[in-house]
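**Student:** Residues per chain, in single letters:
There are 2 protein chains.
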Amino acid sequence: MTDSRFKGVLVPALTPFTPALDPDRDAWLAHCRWLLAEGADGLAIFGTTSEANSLGIEERIELLDFLVDAGIDPARLMPGTGTCALADTVKLTAHAARRGAGGVLLLPPFYYKAVNDDGLFAAVAEVIERVGDAALRVYLYHIPPVAVVGYPVALVERLVTAYPETVVGIKDSSGDWSNTRAILDAVPQIAVFPGSEIFLLDGLRAGGAGCITASGNVNPAGIRAVYENWRGPNAERLQARITEIRKVIQAFPAIPALKAITAAFTGSRDWKITRPPLEALSEAEARRLLDALSAIGFSMADNRACHAA
Amino acid sequence: MTDSRFKGVLVPALTPFTPALDPDRDAWLAHCRWLLAEGADGLAIFGTTSEANSLGIEERIELLDFLVDAGIDPARLMPGTGTCALADTVKLTAHAARRGAGGVLLLPPFYYKAVNDDGLFAAVAEVIERVGDAALRVYLYHIPPVAVVGYPVALVERLVTAYPETVVGIKDSSGDWSNTRAILDAVPQIAVFPGSEIFLLDGLRAGGAGCITASGNVNPAGIRAVYENWRGPNAERLQARITEIRKVIQAFPAIPALKAITAAFTGSRDWKITRPPLEALSEAEARRLLDALSAIGFSMADNRACHAA
Chain D
0 MTDSRFKGVL VPALTPFTPA LDPDRDAWLA HCRWLLAEGA DGLAIFGTTS
50 EANSLGIEER IELLDFLVDA GIDPARLMPG TGTCALADTV KLTAHAARRG
100 AGGVLLLPPF YYKAVNDDGL FAAVAEVIER VGDAALRVYL YHIPPVAVVG
150 YPVALVERLV TAYPETVVGI KDSSGDWSNT RAILDAVPQI AVFPGSEIFL
200 LDGLRAGGAG CITASGNVNP AGIRAVYENW RGPNAERLQA RITEIRKVIQ
250 AFPAIPALKA ITAAFTGSRD WKITRPPLEA LSEAEARRLL DALSAIGFSM
300 ADNRACHAA
Chain C
0 MTDSRFKGVL VPALTPFTPA LDPDRDAWLA HCRWLLAEGA DGLAIFGTTS
50 EANSLGIEER IELLDFLVDA GIDPARLMPG TGTCALADTV KLTAHAARRG
100 AGGVLLLPPF YYKAVNDDGL FAAVAEVIER VGDAALRVYL YHIPPVAVVG
150 YPVALVERLV TAYPETVVGI KDSSGDWSNT RAILDAVPQI AVFPGSEIFL
200 LDGLRAGGAG CITASGNVNP AGIRAVYENW RGPNAERLQA RITEIRKVIQ
250 AFPAIPALKA ITAAFTGSRD WKITRPPLEA LSEAEARRLL DALSAIGFSM
300 ADNRACHAA
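Chains as they are written, first to last, in numbering that gives the first Met the number 0: chain D, 0 to 308; chain C, 0 to 308.
Be aware that a few hints might be false.
It does not matter which identical chain is used: a pair holds within one copy or between any two.
[Claimed, not checked] SDA-like mimics (lysine to any residue), calculated; alpha carbons at most 20 Å apart, straight line:
(1) K246 x R98
(2) K6 x Q188
(3) K246 x L292
(4) K112 x I272
(5) K112 x P143
(6) K112 x F251
(7) K271 x E125
(8) K112 x P144
(9) K112 x E278
(10) K271 x N115
(11) K246 x R236
(12) K112 x A279
(13) K112 x A253
(14) K112 x V145
(15) K246 x S293
These are calculated hints, taken from the structure and not from any lab test. Here the structure is a predicted model, which is why all the values come from computation and not from measurement.
Excised from the complex, chain D in its bound form (with noise of 0.2 Å):
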């Protein structure tokens, strides 16, 4: 892993899946590097939207050297490593850090409700330790909306404070602002990704590092267009319009959604797969949510050429 922290726009890339449920290896790789020539600045892979809770341990590992193997830089990757269990998390975690990843996003064991933070603190605690690799850069995942135990802003503090140089940012997916605010407040010196492109400007402005967005798989050069502008004189303007494509985007259910969008981008429809316990979207979903995005405007033909490419 490289000493530069992330900062800008990092996508949760979405996995397509075969229709035997297999991950399809070839249309990820394409979509990863479409995303990294649309501009994005790191690749969230094994996220909440990439469906990686519905992959297995060995799907991961696996899934993880071929894209390093494909040429994909590993320092633009931040693999999502964190799962129930310490064994597995320790395993992912150590994985990603031989391969270089630039960092990881670490979930908080989610399964047993009701932890305290002495118990999260040491969970956290022992899987840096056990990796035991100076290399190790890891962004806490902060989804308590999907995965109900998340970091508390206290935690969150303690776990900066304990390992400086290992914990070094958070993506909080609470979908909260005021929750953003407290810990860019309390660890100013870490990098906070919000969850959404809603708060890119707003996170911007008060210190924040980018964002890591699931639309970002759809949507990627717009919102892109804000960190690269957000000083700028047209900031407010193209935030408007991230955030309206974005508002149409989630009245769907998000993971299905995002696939049926790719899915017509790319002419693909294997694209719309998701794995159970998700559904994709009906044809009449889809069809409501394509023609909601032509009502604003969002243009297909354009990113369609960029994913061809």
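For this one, chain D is given, so just place chain C on it according to the hints.
**Tutor:** Coordinates of chain C only, in the frame set by chain D:
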């Protein structure tokens, strides 16, 4: 796997850890043998109480192999095999079937929230189809207070209808008797196990199969006595006693409490160790728990003698 369904008292066996946080195999084997000797009808190893969700996939495979190789009858085992990820659930379930487990206890994929019955049905169906073992017997594991995602009654009915030879039971750890009652009414042909002995007698009278209960780790003989005598004149009295003991225990965090009691019973302090994110009871808490059990005359001396045997 054999064709005989589980019934009676099953125990989600605790998993002891060494100070280095590795599973302590010898202590585990001794505990499993003691539970069976005390009358447990089966061992639901790798349950929530077993901290199975803190064990890695490979750890679970190796531990099951160890137990069966050590001579524990696999027909008495109902290992938990449900994980978030399709690939891992298939791997664990196929391995359990291959080793002759009497059944598996299957959590639904529990990371993604707000999934609907169609998606959960597809997830379970996919596991059954991929394992493709006619001897597989699935017991659904409904524990919404922890896993959040559960099996609604309509989904249970649908799975039993689709796979009548395979989906043969359920553990209902909702803690809601009306839900257990609704399952018994909807699918009387399957083995319904409340997840607490508090509902044992009510469950048996309503057609239930017994119970699968955490506190069976420390009170297996007492709970078994209710099962053996439920039609007899002492049933209510015996039930009241096990309920009394359970209520003392469940005033504390369940898993650390059961480990503290087992540490006291066996005289082995290491039994108190939990894996993060769980934390052992403090000395003061453990003392308070043990005093409360003494106050109701719960006999540690008897249990200690049995455990050492």
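**Student:** None of the hints should be skipped; say for each whether it holds.
**Tutor:** Structure-based check of all given hints:
no.	hint	verdict
1	K246 x R98	neither (36 Å within a copy, 50 Å between copies)
2	K6 x Q188	within (13 Å within a copy, 57 Å between copies)
3	K246 x L292	within (10 Å within a copy, 56 Å between copies)
4	K112 x I272	between (31 Å within a copy, 18 Å between copies)
5	K112 x P143	both (11 Å within a copy, 11 Å between copies)
6	K112 x F251	between (28 Å within a copy, 14 Å between copies)
7	K271 x E125	between (38 Å within a copy, 18 Å between copies)
8	K112 x P144	both (13 Å within a copy, 8 Å between copies)
9	K112 x E278	between (26 Å within a copy, 12 Å between copies)
10	K271 x N115	between (39 Å within a copy, 18 Å between copies)
11	K246 x R236	within (15 Å within a copy, 60 Å between copies)
12	K112 x A279	between (29 Å within a copy, 15 Å between copies)
13	K112 x A253	between (25 Å within a copy, 12 Å between copies)
14	K112 x V145	both (13 Å within a copy, 6 Å between copies)
15	K246 x S293	within (14 Å within a copy, 59 Å between copies)
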